Every structure is written in C-alpha cells, then in structure tokens.
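Trainee: Chains as they are written, first to last, in full-length UniProt numbering: chain V, 1 to 201; chain P, 1 to 201; chain L, 1 to 201; chain Y, 1 to 201.
Just so you know, the hints here were simulated from the structure itself, not pulled from any lab data. Among these hints, one or two may not hold up.
[As the list claims (entries may be wrong)] The list that follows gives simulated cross-link-like pairs (lysine-lysine, DSS-like), each with its CA atoms no further than 25 Å apart:
(1) V:K37 to P:K61
(2) P:K61 to V:K61
(3) L:K51 to V:K37
(4) L:K51 to P:K37
(5) L:K37 to Y:K51
(6) L:K51 to Y:K37
(7) P:K37 to V:K61
(8) P:K37 to V:K51
(9) P:K142 to P:K93
(10) V:K51 to L:K51
(11) L:K37 to Y:K61
(12) Y:K93 to Y:K138
(13) V:K93 to V:K141
(14) Y:K37 to L:K37
(15) P:K51 to L:K51
(16) P:K51 to V:K37
(17) Y:K37 to L:K61
(18) V:K51 to Y:K51
(19) P:K37 to V:K37
(20) L:K51 to L:K37
(21) V:K51 to L:K37
(22) V:K51 to Y:K37
(23) Y:K61 to L:K61
[Claimed, not checked] Stretch by stretch, here's where chain V covers chain P in the computed footprint (C-beta under 8 Å, at least three residues):
(24) 111 to 118
(25) 128 to 136
(26) 144 to 156
(27) 174 to 185
[To be verified] Not everything, but these chain V residues come out facing chain P in the computed CB check (under 8 Å):
(28) N116
(29) L120
(30) P123
(31) Q177
Bear in mind that the values here come from a model prediction, so they are computed numbers and not experimental data. All residues carry an ideal CB built from backbone N, CA and C; glycine is no exception.
There are 4 protein chains.
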Amino acid sequence: MTAQHGTAPGTRRRSEASRRAILIAAFELVGEVGYAKLSIEGIAARAGVGKQTIYRWWPSKGAVLFDAFLMLSEGTGDSPALPDTGDLDADLKAVLRATVAELNDPRYDEPMRALNTEILHDPALAAAYAERLDGPMKELKKQRLRSAQRAGQLSGDLDLNVAIEMLWGPLLNRWLQRSGPLTPEYADTVVETALNGLRPR
Amino acid sequence: MTAQHGTAPGTRRRSEASRRAILIAAFELVGEVGYAKLSIEGIAARAGVGKQTIYRWWPSKGAVLFDAFLMLSEGTGDSPALPDTGDLDADLKAVLRATVAELNDPRYDEPMRALNTEILHDPALAAAYAERLDGPMKELKKQRLRSAQRAGQLSGDLDLNVAIEMLWGPLLNRWLQRSGPLTPEYADTVVETALNGLRPR
Amino acid sequence: MTAQHGTAPGTRRRSEASRRAILIAAFELVGEVGYAKLSIEGIAARAGVGKQTIYRWWPSKGAVLFDAFLMLSEGTGDSPALPDTGDLDADLKAVLRATVAELNDPRYDEPMRALNTEILHDPALAAAYAERLDGPMKELKKQRLRSAQRAGQLSGDLDLNVAIEMLWGPLLNRWLQRSGPLTPEYADTVVETALNGLRPR
Amino acid sequence: MTAQHGTAPGTRRRSEASRRAILIAAFELVGEVGYAKLSIEGIAARAGVGKQTIYRWWPSKGAVLFDAFLMLSEGTGDSPALPDTGDLDADLKAVLRATVAELNDPRYDEPMRALNTEILHDPALAAAYAERLDGPMKELKKQRLRSAQRAGQLSGDLDLNVAIEMLWGPLLNRWLQRSGPLTPEYADTVVETALNGLRPR
DNA sequence: CCCTAACCGAGACGGTACGTCTAGTCTTATG
DNA sequence: CATAAGACTAGACGTACCGTCTCGGTTAGGG
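All chains, please: the whole structure from these sequences, using the hints.
Mentor: This is how it looks when you write it as structure tokens:
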C-alpha cells in the first residue's frame, strides 16, 4: 500500500521538494477548478514539475489526491482525543456538529468529494483511506465510546464499529448524496435518535 | 428537471428507438468498461447513433446514466409496498437484507457507483435522483414506518427521514467507502441497533 | 500515392482551409526554426488546427512537407519549357546557374534540406518526390536535351536520364554535402566538362 | 574540430572502453532500429554507459555517428591506392562498381543514410566529413586521375575535383534520392559518358 | 400526397489531456 | 574525478474524447 501510493520512505534520491509541490498543487487545484477539471498536466504545471515525476511516483490521480490529504492530516496537530466530559450526549453532539461544520466548509467540500470519487472506484485506494486517513480518527471515536461503555452509558455488547456507522453514516450520506440539509440541529437529532433508538422508550 | 434530463414527452419527432438504444448502451457499457472509461463516443458507437443525438437530448454523461436507471426502475414492476407482517423487526431485516443483496450484485454495483459519482459532483442530478429514483422508494419506506408508528412500535415524535437514514445510511456508507463487509448479518445488526438505540435498555 | 499523402480529391467534407493552413504553416516553420525543431504540434498551433487534423490526413511529418512543396510548385506558373536558343552550351549554363541560385537562396535552402532528409529515409516519399515534384521538371530537361539530340549536338545513343544526372548530380551533391563552393562558375564548368567529357579532345 | 567531435587525444582519464562501447553501440543501433529511432538514451543503454558520458564527450548525436564511422574506416586496412592497370576506363568501372556494391550493401545503407542526414543539417559535421572521412578517399581518387592525366588519357586542364564529382555525383544522387536503379551497368554507363562527354565524337 | 422542417447517422473540426518517450542537466555513490 | 545510474524539468509524440459543426438522407406532419 505504502509503496503503491508513493510514500515509500526507502526510495533513493527522490526529490522531497517536488513531492511536496505536487501534493500542494493537487490540493489547491482540486479546490479551485473542481474534480472534473483536475488534470495531471495541471498539477505538474502548477507544481513546476515534469509530468513524468508524477507518473514515476504515483499510479493514479487518486493516489496523488490521497497523499495530498495524508500530508495535510499529518500536518494538522491531530487532536489527541475527543472531548470526554462525562456527558456522552453533549460530547457526541459537539463532535458531530464539528463534522457537519467541516463538511459544509467550502475549502474541504470539493477536495473531499474528489477523494470520495476516487475511493468509489478504486478498492486499493479505499483500503488506504480506511487504514491511513479514516483509521486514526476512527480509533479516537472508539476510545470515546469505550469510555462511555465503561461508564455504563452504552450497551456492553455494542459493536463499536456499528455504533460509529450509526452516528456518522447518516451525516456522510446526506453530504454525499445531498439528500437533505446538513445542519447542527440535524447532528443533534442523529445523536439523540441513535442513542435512544427508534422505538418508544 | 424533465427537459433537463431528456425525458420530455412533448418533444416532437424524437426517435424513441434511438433513445432506448442510447440508454441501454450506456447501462451495458458502464458495467463492462467501468465508469472511468465510459465515454459519450463509446455510447454513441454502441448504440449506433450519432454523437449529436446524445448531446441534443442530454446535458451530460450523468444525465444519460440517470435516465438509464430511470428506464430500468420503471421497467421493474415496482413493488407496490414493503412487507408489513406486523413484525417491524423482521420486516426491516428482510428489506435491508434485500438492499445488501442488491448492493453486492455485480450487475448493479458498477452502474450504481457510476451514478453516485455523478451525483457527488452535480447537485442538479442529486436533486433529480432524490426526486425521481430515490423518492418513490423512500415513500414506500415511510409508509411502512408510519404503519409501525401507528402500531406504537416507533416513537410518535420520530422524524421518519431521520429514521430512514439511521437504517440505510450505515449500509450505503459501507458500500460506498468499502469500509467493512456488507453482509446480511450486518443488516440485522443495524436494524437491531437502530431500533433499540446505543444506550443500554 | 495521392491518397497516401493527403491530396485525395475524392475525400468528402475535408476542410480545404485547414489543409492550406497546415501546408503553409509547415513550410514557414521549417524555414524559421529548422528541420530539427519542426514538430507536428508546432505546425498545428501555427495553423490554428487540431493535431488530429494533421494525423488524420498525413501519415508523417515528411508527407506534410512534401505536400507543402507540391502546393508551392503548383502555385508557381511552372515555366512551360527550358530556354532553347539553339546554343545548347549557353542554354544549359543558364539553367544550371538558375539551379545554383535557387539552392543558394536561404528561403529554399532549409525547407529543401528538410524534404531531402525525409526522402533519405522514406522510400515511398522518395517515389512521390520523383513522380510528382522532380518528374515534371525532369521532363522539361529531357525535352531540351531531345531537341539538342535532334540537332546533332548530343550523341544519338545517349541515355537522357544519365545525361541529366551527369549535369545536375554534381550540383546537388555539392549542395547536399557542402563539399565545395556552389557558384555560377562551377555550374559553367560542370556544363563544359559534361559536354566535352573528361578525355582530351 | 577534433575536440568538437570527441576524438581529443589529450583528455585525461577518459575511458577508452566506454568510448569504444558507445561508438559500436551507435553503429549497431542505427542499423537495427534506423536513424529515426536512434536515441542517445538507446546508445547509452546498449553501451552500458551513463548518458552523461556521451554528453560529456560529444556535442550531438551526429558527432557520435561520425566518430563511429571514423573508427570503422580506421579499422579497415585502408586500401593504399586505387587500381592502376593503365586502362583508365576499366579501372574506373571497377572502382565505381565497388562503390555501387557498397551503397547497396544493407549493412552500410542505413548507417550511411543516417550520417548523411546529420551532414545535411550540420555544416561543422559536413566539414569534418569532408576532411576526415571523405578526404582520404578523395586523395586516392585524385592520385589515379593524375596518373591518367600524365598518361594523356585525361585533359590536361581538367579540374580533378570536378572530374570526381562528375563520376561519383550521379551515383550518390541516385542512392540518396533513390531516383533510379543503382546497378553495376549504371556505373559503367556513367564512366563511359563522363569520359566521352555528352557530345557526339 | 407532397413539402419542408426537424431529426437522424456519420464524422471532420479545434481543442485538452492522456500516458510515454527522449532531450539535456544535475545529483549521488562507487572505484 | 570520471563513471554508471538514474531523477529531474521540459516538451513532443500519437491517441482518445470532448462538445460543436456541417453533411446528406430519412421521416413525419401541415398545407
């Protein structure tokens, strides 16, 4: 996977400057011109790089985009943990509201749609995404849910992966398919509904 | 909307034979060569049609694909209603298992991914999808849930749109991002977790 | 041959404007940037034409160049006959001096070298050259020599092709290989030497 | 000139093995893949040499080719003199027939065409060719013609350069432009015509 | 029942981008 | 310090499609 997406550290004499210029150019361009008009030629030109340098190190446009996201996520001082005030309901609402805000942020909307487009058609990229980009964040979510589980706020036999998908799935789907307004209130509703279930209590 | 996606019935002297050939060619080709290699030229060639005939009636490749799906869904004897045995849990599991089966069907996988790719980047198409393709199915789902609500099996103040997203969102997300195995058992787990909620009961 | 080099008159719906623009651009460019830097892309750009329009109608860069020359030679009101004053020696000197002048003309030097480069490596193009470009001129030369033969100024059993090569071969060789100065005086010397032979008289 | 074409003897620490490998590779490759597909990269790869080693010592592809020919011609035990039986006619026919045979030899045809291509566009290379490759052979020809001149078989006031061009020019031209069959009989005809002249005797 | 306008297939057109190839330069490590 | 190796910027190659634009040839009403 690593080598497949061009981040191999063992490769000799690879230009780090070119690598960074390419990833930055790719991220900027996809935000400016959109996914449909993103081209390898455009990335190379913006980065001041020969096309071959891209083709040499990445197997596809999607792989470049993926590495661009990876670079950004590593650049970010990833919040070491999700908030844990003891109030599960409030904490989850805060986190899902943050997710909603990010999905609505035009700076991230187009690039993330582009990445999802590639993931949609490239299983290898999907696996890389699950492992390298989504994985760390998912681990943080699990931590918070485990903590709630220990506090007796969640079922003991709950599959945390399912719980996460129950909370974030509706949001992501609304975002991807634009099937409804993606508001903070919606985030709250999802949290409440997921925690309490559809049945009457 | 109608005119925008080439299904205008009032248009004069349009060749129905060409229209059908184009939609069939589009659907078949996307399954054979994949979304990335699907081209208007290819569709025209396969359909035995001039390129202009496509450009005249559809604004984009996605619109053709959309109409191809529409034709198929209309061809299908639309199930008039979802099963309603009175056992909400069992009925939902049956329906979600059917959804899982369809998503895993290789005949529908690639075309549906292609359509989702277009929806991802084209709000107009997303709206058309919500209204014409997803809408009717969503109405059936709502019917079944309303029936359960009347029977006191679901909260009275439940937003049915949210309920539907809580049930189908996790499935669609797993399918789109390939973030986990999409099995009948998973469908069951989602139904149970959604109905009962994440909290201990 | 005709069809092979894009001059086919029967081809339907070919753009004559594009054809002319390409040939003119090719001829001008080869004179400006030289043969080594002449590129299909450059010709297309200069002609305001898509690359495919060149690739559609010509099999090679050399074929374009050839047609460019053909267009020019047809544009020229080709002198209907070589001078025939009765004085063979003087007439030949005049014609060979004209050849020398043309070979020394910088406007024709580079394009003609380019064409010869292509001919050097492409037998089909060489045949086209012999037939379409060199052929008509050669026929005029033969006419003049036949007239001299009738007047008893040339051997009756002389092979006119050989005679022509004896007269023009030395000039062309000096020009191609730059093996010596190409002056009017040299033209005179060649005529005299060829007519009288190397042996003492 | 010397330095310009990479034969500098004074250069320090130059690898003779690499030099030879490059020249041999260049000669072999031009015969195998043709002039159009001959590349510096190809030569370097075949010779097992870095590209820089070629760029360091030769200014152009043509210069490499030239040196390759030079190496071969020096390898040949240079015929010390042309045949001189006293029969000028027979001797010249023998020599021109040998030239014809060489020009028709497929082992030399492609490489010589390649060299001529470069000469066509590079005056410096043309001068080097005239001096180093063609020069020695031309001197031998002049020797034979001088001998004939002394024997009264050639005009006393004949310019020997012109005589040589009169004899070899037609051959070279037919070869370069493929303007006619290049046979031993043609060589004979050229000799006879050149010696006797075009006029009736 | 013919006329004529819209639609049809075909495909050439000016373009953009593809992914590959080579030019010529520069860097690294090896002997 | 020249070398083999090969990454680098640059840009042409020849191909595939894009979306637009004629071309003639049907084809279906409205006169």
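Trainee: Please go over all the hints and tell whether each is borne out by the structure.
Mentor: Tested hints:
no. : hint            : result
1   : V:K37 to P:K61  : 15 Å, holds
2   : P:K61 to V:K61  : 21 Å, holds
3   : L:K51 to V:K37  : 21 Å, holds
4   : L:K51 to P:K37  : 22 Å, holds
5   : L:K37 to Y:K51  : 22 Å, holds
6   : L:K51 to Y:K37  : 22 Å, holds
7   : P:K37 to V:K61  : 15 Å, holds
8   : P:K37 to V:K51  : 22 Å, holds
9   : P:K142 to P:K93 : 15 Å, holds
10  : V:K51 to L:K51  : 20 Å, holds
11  : L:K37 to Y:K61  : 15 Å, holds
12  : Y:K93 to Y:K138 : 16 Å, holds
13  : V:K93 to V:K141 : 13 Å, holds
14  : Y:K37 to L:K37  : 16 Å, holds
15  : P:K51 to L:K51  : 21 Å, holds
16  : P:K51 to V:K37  : 22 Å, holds
17  : Y:K37 to L:K61  : 15 Å, holds
18  : V:K51 to Y:K51  : 21 Å, holds
19  : P:K37 to V:K37  : 16 Å, holds
20  : L:K51 to L:K37  : 17 Å, holds
21  : V:K51 to L:K37  : 21 Å, holds
22  : V:K51 to Y:K37  : 22 Å, holds
23  : Y:K61 to L:K61  : 21 Å, holds
24  : 111 to 118      : holds (count 3)
25  : 128 to 136      : holds (count 3)
26  : 144 to 156      : holds (count 5)
27  : 174 to 185      : holds (count 6)
28  : N116            : 6 Å, holds
29  : L120            : 5 Å, holds
30  : P123            : 6 Å, holds
31  : Q177            : 6 Å, holds
Every hint, counting from the list given before, is met by this structure.
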